[in-house]
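*Asks:* So you can see what is in the structure, the chains are spelled out below.
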Amino acid sequence: MRTILVLVRKDFQNFFRNKAAVSLTFIVPFAMIWLFGNIFGVNKKDSGPSGIPLAVVNASDNPAAVKLVEALQAEKSFRVWTKFVNPDKSTRPLTEDDLRPMLREAGADVHFALVIPADLVSATGFGLHLKILSNPRNEIETQTVNGILQKTIFTTIPQLLGQSLQSSAKRLIGDDRFKQFNGAIAGAVSSAFGGDKEQIQQSIEAGDFGLGTALGGAGKTPANAADATASTDVLSRIVRIENEQVVGAQVKSPFATSIVGGWAMQFLLFAVSASAASLFRERDAGIFQRVLAAPVTRAQILWGKFLYGVSIGLVQLIVLFFAGRILFGIEVEKHLGLLILVCTFAAAACTSFGMLLAAVAPNAEAANGMATFLIMLMSALGGAWFPISIMPAFIQQFSKLTLVYWSMEGFSAVLWAGNSFVQVLPILGILGGITAVVMTIAVWRFNRGKIFE
Amino acid sequence: MLNVAHLTKRYGALTALDGVSLHVARGEFFGLLGPNGAGKSTLMSLVAGLRAADTGVLTLDGVAIVTADPSTRVALGLVPQHIALYPELSAVQNLRIFGQLYGLHGTVLRERVTEALAAVQLTDRGQDQVKTFSGGMQRRLNLVAALLHRPKFLLCDEPTVGVDPQSRNAIFEYLERLNREGLTIIYSTHYMEEATRLCSRIGIIDHGKILALGTLDELLTKLPFEEEIRFPATPTTAGLAAQLPSHGELLTLDGIHRFRPRPDYKLSAFFTLVESLGLPARLFTSQRPTLEALFLHLTGRNLRE
Ligand SMILES: Nc1ncnc2c1ncn2[C@@H]1O[C@H](COP(=O)(O)OP(=O)(O)OP(=O)(O)O)[C@@H](O)[C@H]1O
Ligand SMILES: [Mg+2]
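Keeping their order, the protein sequence lines are chains A and B. Residue numbers for the first sequence follow the numbering used here, beginning at 1 and rising by one. Residue numbers for the second sequence follow the numbering used here, beginning at 1001 and rising by one.
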């Protein structure tokens, strides 16, 4: 026991010698908790997603359709887009034809769109017709969006539904007799319950039968869950929602394919600390003395490590994707060339961060601590763990600054959307840009750094 | 060939090199003799271009040695004080890598690797991982790894630490041969025997300063005596010891008195004194002073603490 205690003490003494490691031990957990709290929106009064981009096309001239759009705009979970922005920054209303290319675009923000068609209220039958277009990249996000969309539609719908009833009746009994009928009802209502007959008739003609109240709709919370389910059931039979998956419909193994990018990034990020650590190992072994006594520059050492890191990362990614192919049927070989390209750029971006850590950290332990923090930060922010759209809007701004976000966009552009080289090019450009910037800083720091002192 | 003038290097508050000036001519075997922490390795690393000096001039064949400019290093070979080899790789793999860093390839590289292994008797261990080598074997490999590119100028930083006498001799002979063939060598050590045996010129360094510089003979003439008489420091010799300081310098180290008579004090007078005190002659040895004595004289400390 005594021996063990001596050994334990030795470790503590070593640890306290290492100022960087000591401070990171305290800083990292703090930063982590703060970060995760913010990502999950722990401090927000009302939790839940906010600002999920949703494109809305209103092709109906029905005034109730405008109400639906307004209701969606008022829903804080959504950030509603109704305008198409031309290259010259002028705008026009979105049309259904804009939606499909928009959803397909690599790196696009919008994954869901709602179309309110011209035949929202059917002239020929009883019921409503809506269309949802999607690029369902993430199971959680898809379910969230569908849920909120249904809630919003169903709470706005009772009024629409009344209109639907009215138009059916009109068709069946003719305009004049229909007016008489409504008038008779209004008269009966006003004599039985009081109120102005004219007003009642107007509101009946506008479709307001009080269905909203009856069905627990129009912004009111149902008294209990059973009521809500019952009304939703009734409504879902009346409302016909057409779903169209714009992207990834032909993908054979949709679930695995849509999330494999996140796995790949998790995996790759560990290369960050590994590549930093190997530089420190070589330094601690004193080998750089010999290498640098040869006609070799510090920058060359760093670039050498970088290229090695990229190659190893690339090989591991390819193995990972092929494992996905064999085990889960992810269609890898169909897009092999592009996939390798995206993998290379993703690996390069990751490795560049490893090089930066090696250039700024005083020792391997510090580099490790920083790497842990960076891995968690970038994975969480970049959406490798849960969908970005579920994070608070404030945090979402930073997602696009992470290489994880862009790498995952790249993987899904290739595997999920089957994008072409030209379509993937912007993503590659961003990843390449991240790599270039980070490596420039790393080389600059490395040339000045303490790693050889 | 190598010109060092007023070179200063600080690590924070510590001045590791303090205005070092020296010149090493082509073909010299120059020794840098100094105790631990004297600044030998620091000077080597500056000459090798691993670190930048704070102030001072450092040129090789008239060209300034700049850390950022690798071209000055082609003519240079460095044997680091610590083993700088990839332990997981074989001896041959290590040598090939370091040869390639100097642009060697193909048959030339293959021949040089074979030669290098043979020169330090490691031919039959060439394919083994370096980590399986004994300390002395690693040292030998560490030495030849710096020679593959045939440098004109070799920096050897204590290359024989932990090497057995036989291998040490082999290394000495190898270095002497290379030196005869025209290689200029700076050899750092804290063994005065090594410096005495190998080096045509020696610089004595301590606390970042060059204390003395010259050939062995030149250095020894700096001592104010030509002979050193040693005898044990015991109660029987105490009476003698008490009388000596008026005739020269008396130092006591490790239970041994060292008496360095002033030039005007005759040895015959000393032995008359010994006889008169009735001390046996066998207690006394007389010897030519060594670099160690010089170091002691210059610093008041022993070379090896
Ligand atoms: N990287 C460093 N950081 C801070 N101080 C250093 C560093 N390297 C050396 N020193 C200090 O500089 C002084 C000279 O060290 P140096 O290694 O040059 O001595 P040396 O003569 O090679 O000694 P030895 O015979 O023990 O190898 C010493 O006091 C040492 O503590
Ligand atoms: Mg040293």
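Hints are not guaranteed to be accurate.
With a cut-off of at most 20 Å between alpha-carbon atoms, the simulated SDA-like pairs for lysine to any residue come out as follows [what the hints assert, rightly or not]:
{"id": "1", "chain 1": "A", "residue 1": "Lys-305", "chain 2": "B", "residue 2": "Gln-1100"}
{"id": "2", "chain 1": "A", "residue 1": "Lys-19", "chain 2": "B", "residue 2": "Gly-1012"}
{"id": "3", "chain 1": "A", "residue 1": "Lys-305", "chain 2": "B", "residue 2": "Val-1066"}
{"id": "4", "chain 1": "B", "residue 1": "Lys-1131", "chain 2": "A", "residue 2": "Phe-322"}
{"id": "5", "chain 1": "B", "residue 1": "Lys-1131", "chain 2": "A", "residue 2": "Glu-242"}
{"id": "6", "chain 1": "A", "residue 1": "Lys-19", "chain 2": "A", "residue 2": "Ile-4"}
{"id": "7", "chain 1": "A", "residue 1": "Lys-305", "chain 2": "A", "residue 2": "Phe-280"}
{"id": "8", "chain 1": "B", "residue 1": "Lys-1152", "chain 2": "B", "residue 2": "Glu-1088"}
{"id": "9", "chain 1": "B", "residue 1": "Lys-1131", "chain 2": "A", "residue 2": "Lys-83"}
{"id": "10", "chain 1": "A", "residue 1": "Lys-10", "chain 2": "A", "residue 2": "Ser-23"}
{"id": "11", "chain 1": "A", "residue 1": "Lys-305", "chain 2": "B", "residue 2": "Tyr-1011"}
{"id": "12", "chain 1": "A", "residue 1": "Lys-305", "chain 2": "B", "residue 2": "Ile-1097"}
{"id": "13", "chain 1": "A", "residue 1": "Lys-305", "chain 2": "B", "residue 2": "Leu-1089"}
{"id": "14", "chain 1": "B", "residue 1": "Lys-1209", "chain 2": "B", "residue 2": "Arg-1096"}
{"id": "15", "chain 1": "B", "residue 1": "Lys-1131", "chain 2": "B", "residue 2": "Ser-1071"}
{"id": "16", "chain 1": "A", "residue 1": "Lys-67", "chain 2": "A", "residue 2": "Pro-93"}
{"id": "17", "chain 1": "A", "residue 1": "Lys-334", "chain 2": "A", "residue 2": "Gly-324"}
{"id": "18", "chain 1": "A", "residue 1": "Lys-131", "chain 2": "A", "residue 2": "Glu-242"}
{"id": "19", "chain 1": "B", "residue 1": "Lys-1209", "chain 2": "B", "residue 2": "Glu-1088"}
{"id": "20", "chain 1": "A", "residue 1": "Lys-19", "chain 2": "A", "residue 2": "Phe-373"}
{"id": "21", "chain 1": "B", "residue 1": "Lys-1209", "chain 2": "B", "residue 2": "Gly-1027"}
{"id": "22", "chain 1": "A", "residue 1": "Lys-305", "chain 2": "B", "residue 2": "Lys-1152"}
{"id": "23", "chain 1": "A", "residue 1": "Lys-76", "chain 2": "A", "residue 2": "Phe-394"}
{"id": "24", "chain 1": "A", "residue 1": "Lys-305", "chain 2": "B", "residue 2": "Gly-1012"}
{"id": "25", "chain 1": "B", "residue 1": "Lys-1209", "chain 2": "B", "residue 2": "Ser-1090"}
{"id": "26", "chain 1": "A", "residue 1": "Lys-305", "chain 2": "B", "residue 2": "Leu-1101"}
{"id": "27", "chain 1": "B", "residue 1": "Lys-1266", "chain 2": "B", "residue 2": "Leu-1253"}
{"id": "28", "chain 1": "A", "residue 1": "Lys-305", "chain 2": "B", "residue 2": "Leu-1022"}
{"id": "29", "chain 1": "B", "residue 1": "Lys-1152", "chain 2": "B", "residue 2": "Leu-1022"}
{"id": "30", "chain 1": "B", "residue 1": "Lys-1152", "chain 2": "B", "residue 2": "Gly-1182"}
{"id": "31", "chain 1": "A", "residue 1": "Lys-19", "chain 2": "B", "residue 2": "Leu-1022"}
{"id": "32", "chain 1": "A", "residue 1": "Lys-305", "chain 2": "B", "residue 2": "Gln-1093"}
{"id": "33", "chain 1": "A", "residue 1": "Lys-67", "chain 2": "A", "residue 2": "Val-85"}
{"id": "34", "chain 1": "B", "residue 1": "Lys-1152", "chain 2": "A", "residue 2": "Val-291"}
{"id": "35", "chain 1": "A", "residue 1": "Lys-19", "chain 2": "A", "residue 2": "Pro-53"}
{"id": "36", "chain 1": "B", "residue 1": "Lys-1131", "chain 2": "A", "residue 2": "Val-291"}
{"id": "37", "chain 1": "A", "residue 1": "Lys-151", "chain 2": "A", "residue 2": "Glu-242"}
{"id": "38", "chain 1": "B", "residue 1": "Lys-1131", "chain 2": "A", "residue 2": "Arg-9"}
For the record, the hints were derived by calculation from the structure and aren't laboratory data.
*Asks:* Assess, step by step, whether the Cα of Lys-1209/B is no farther than 20 Å from the Cα of Glu-1088/B, and give holds or violated.
*Replies:* Judged against 20 Å, a Cα distance of about 39 Å means the pair is violated.
*Asks:* Could you grab the alpha-carbon distance between Lys-1152/B and Gly-1182/B and see if it respects the 20 Å cut-off?
*Replies:* With a Cα-Cα distance of about 8 Å, the restraint between Lys-1152/B and Gly-1182/B holds, given a limit of 20 Å.
*Asks:* For the pair we were handed, Lys-305/A and Gln-1093/B, check the Cα-Cα distance against 20 Å.
*Replies:* 18 Å, holds
*Asks:* What's the verdict on Lys-334/A and Gly-324/A, does the C-alpha distance respect the 20 Å limit or exceed it?
*Replies:* Given pair Lys-334/A, Gly-324/A holds - Cα atoms ~13 Å apart, limit 20 Å.
*Asks:* Do the alpha carbons of Lys-1209/B and Arg-1096/B lie within 20 Å of each other, as the hint requires?
*Replies:* 38 Å, violated
*Asks:* Is Lys-305/A within 20 Å of Leu-1022/B, Cα to Cα?
*Replies:* Between Lys-305/A and Leu-1022/B the Cα gap is close to 38 Å, so the pair fails against 20 Å, i.e. violated.
*Asks:* Does the structure keep Lys-10/A and Ser-23/A at a Cα separation of 20 Å or less?
*Replies:* Holds, at about 19 Å.
*Asks:* Given the hint that Lys-1209/B pairs with Ser-1090/B, test it: the Cα-Cα distance must not exceed 20 Å.
*Replies:* 40 Å, violated
*Asks:* Is the straight-line distance between the alpha-carbon of Lys-1131/B and that of Val-291/A 20 Å or less?
*Replies:* Measuring from Cα to Cα gives roughly 19 Å; hence the hint holds.
*Asks:* For the pair we were handed, Lys-1266/B and Leu-1253/B, check the Cα-Cα distance against 20 Å.
*Replies:* 24 Å, violated
*Asks:* Does Gln-1100/B lie within 20 Å of Lys-305/A when you go C-alpha to C-alpha?
*Replies:* 17 Å, holds
*Asks:* Does the structure keep Lys-1152/B and Glu-1088/B at a Cα separation of 20 Å or less?
*Replies:* Distance ~30 Å between Lys-1152/B and Glu-1088/B Cα, so the pair is violated.
Comparing the model with each numbered hint stated earlier shows that hints 3, 4, 5, 6, 8, 9, 11, 14, 15, 19, 21, 22, 24, 25, 27, 28, 31, 33, 35 and 38 do not hold.
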